[in-house]
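S.K.: Chain by chain, the residues run as shown.
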Amino acid sequence: AQSVTQPDIHITVSEGASLELRCNYSYGATPYLFWYVQSPGQGLQLLLKYFSGDTLVQGIKGFEAEFKRSQSSFNLRKPSVHWSDAAEYFCAVGARGNAGKSTFGDGTTLTVKP
Amino acid sequence: GAVVSQHPSWVICKSGTSVKIECRSLDFQATTMFWYRQFPKQSLMLMATSNEGSKATYEQGVEKDKFLINHASLTLSTLTVTSAHPEDSSFYICSARGQSTDTQYFGPGTRLTVL
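Protein chains in written order, with our numbering: chain A, 1 to 114; chain B, 1 to 115.
Since the hints were derived computationally from the structure, they do not count as laboratory data. Keep in mind the model is a prediction, meaning the values are calculated, not measured. Treat the hints with care, as some may be off.
Unchecked claim - Simulated crosslink set (BS3-like; lysine-lysine; CA at most 30 Å straight-line):
#	chain 1	residue 1	chain 2	residue 2
1	B	Lys-41	B	Lys-64
2	A	Lys-61	B	Lys-14
3	A	Lys-101	B	Lys-20
4	B	Lys-41	A	Lys-61
5	A	Lys-101	A	Lys-68
6	A	Lys-68	A	Lys-49
7	B	Lys-14	B	Lys-55
8	A	Lys-61	B	Lys-64
9	A	Lys-49	B	Lys-66
10	A	Lys-49	A	Lys-113
11	A	Lys-113	A	Lys-61
12	B	Lys-41	A	Lys-113
13	B	Lys-55	B	Lys-20
14	B	Lys-66	B	Lys-55
15	A	Lys-101	A	Lys-49
16	B	Lys-14	B	Lys-64
17	B	Lys-20	B	Lys-41
18	A	Lys-101	B	Lys-41
19	B	Lys-20	B	Lys-66
20	A	Lys-101	A	Lys-61
21	B	Lys-41	B	Lys-66
22	B	Lys-41	A	Lys-68
23	A	Lys-49	B	Lys-55
24	B	Lys-66	B	Lys-14
25	B	Lys-41	B	Lys-14
26	A	Lys-49	A	Lys-61
27	B	Lys-41	A	Lys-49
28	B	Lys-64	B	Lys-20
Full structure from sequences and hints, please.
M.R.: Written as C-alpha cells, this is what we have:
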C-alpha cells in the first residue's frame with residue numbers, strides 16, 4: 001500500500017528566507033508524486049508533479065521539488081518565500097495505472113513572518 | 001484550463017435532511033472523479049472514486065448508502081449526503097481526471113454544516 005509522510009506539521013520562516021518542506025513516500029515502484037497548496041477554506045491547487053524523467057521538477061509560484069529514489073523523498077523547495085505563500089501544503093503519491101488514486105500526507109502548515 | 005467547480009460552496013441543513021453537492025469539470029471531460037472529505041486541520045480522506053457511467057467504488061469504511069455518488073456525464077458528478085447528521089459536517093472536495101492524464105484537478109470544496 002502507498003503512504004506519504006510529511007514530518008513537519010508546522011514550519012515558520014521569515015519572508016525572503018528559503019524554504020524546504022519534507023515529504024517521504026512508500027510505494028512499491030516508481031510513483032507519481034505531487035505537491036499541492038491549500039489556502040484556508042479553499043480547494044487544492046497543484047504546484048508541481050513528477051511522473052518520470054528529470055528528477056528536479058519546476059512548478060508554479062517559484063517552487064521546485066526533487067525526486068530522490070534512494071531516499072524515497074520528494075521535498076519541496078523555494079529560494080525566497082513571500083508572505084502570500086502562507087498556506088497548507090500537501091504531498092501526495094499516486095499509483096500508476098490505478099485510476100489515478102492518490103494518497104495524501106497530513107500536510108505542513110507554513111507560516112511566514114514579516 | 002482544467003477548471004473544476006463545486007456547488008454549493010457552503011450549505012447548512014437540519015439533521016435528517018439530504019444534501020446534494022455537484023462537481024463539474026468546466027473545460028475538459030472527466031472520465032474519473034474523486035470525492036474527498038477533510039476535517040479541520042487534517043488531510044484529505046478519499047471517500048470514493050467514480051467513473052462516468054458506472055457505479056462508484058467506495059473506500060473501506062465509507063457507507064455507500066449514506067454517501068450516494070452519481071457520475072452521469074463526463075462533466076458532472078454529484079455526492080448526496082442522505083439523512084445527514086452533525087457528524088457528517090465537514091469540508092467535501094471533489095477532483096476530476098481526464099482520460100489522457102494522471103493529474104487530478106480539484107474543486108474549491110463545499111463546507112457542509114449539519115445542525
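S.K.: Work down the list of hints and note, for each, if the structure agrees.
M.R.: Status of the hints after comparison with the structure:
1. Lys-41(B) / Lys-64(B): holds (25 Å)
2. Lys-61(A) / Lys-14(B): violated (41 Å)
3. Lys-101(A) / Lys-20(B): holds (23 Å)
4. Lys-41(B) / Lys-61(A): holds (24 Å)
5. Lys-101(A) / Lys-68(A): This hinted pair holds, its Cα atoms lying about 22 Å apart.
6. Lys-68(A) / Lys-49(A): Holds, at roughly 14 Å.
7. Lys-14(B) / Lys-55(B): holds (28 Å)
8. Lys-61(A) / Lys-64(B): Distance of about 39 Å is beyond 30 Å: violated.
9. Lys-49(A) / Lys-66(B): Distance of about 34 Å is beyond 30 Å: violated.
10. Lys-49(A) / Lys-113(A): Satisfied, since the Cα-Cα distance of roughly 28 Å is no more than 30 Å.
11. Lys-113(A) / Lys-61(A): It holds: about 18 Å lies between the C-alpha atoms, which stays within 30 Å.
12. Lys-41(B) / Lys-113(A): holds (20 Å)
13. Lys-55(B) / Lys-20(B): The given pair, whose Cα atoms are some 17 Å apart, holds under the 30 Å limit.
14. Lys-66(B) / Lys-55(B): Satisfied, since the Cα-Cα distance of roughly 15 Å is no more than 30 Å.
15. Lys-101(A) / Lys-49(A): Holds. Lys-101(A) to Lys-49(A) sits at ~14 Å (cutoff 30 Å).
16. Lys-14(B) / Lys-64(B): holds (21 Å)
17. Lys-20(B) / Lys-41(B): holds (24 Å)
18. Lys-101(A) / Lys-41(B): Holds: Lys-101(A) and Lys-41(B) sit about 22 Å apart, inside 30 Å.
19. Lys-20(B) / Lys-66(B): Within the cut-off at roughly 12 Å; holds.
20. Lys-101(A) / Lys-61(A): Measuring from Cα to Cα gives roughly 25 Å; hence the hint holds.
21. Lys-41(B) / Lys-66(B): Holds. Lys-41(B) to Lys-66(B) sits at ~24 Å (cutoff 30 Å).
22. Lys-41(B) / Lys-68(A): holds (28 Å)
23. Lys-49(A) / Lys-55(B): Holds, because 29 Å separates the two Cα atoms, which is no more than 30 Å.
24. Lys-66(B) / Lys-14(B): Holds - the C-alpha atoms of Lys-14(B) and Lys-66(B) are around 16 Å apart, at most 30 Å.
25. Lys-41(B) / Lys-14(B): holds (25 Å)
26. Lys-49(A) / Lys-61(A): Given pair Lys-49(A), Lys-61(A) holds - Cα atoms ~14 Å apart, limit 30 Å.
27. Lys-41(B) / Lys-49(A): Holds. Lys-41(B) to Lys-49(A) sits at ~23 Å (cutoff 30 Å).
28. Lys-64(B) / Lys-20(B): Distance ~14 Å between Lys-64(B) and Lys-20(B) Cα, so the pair holds.
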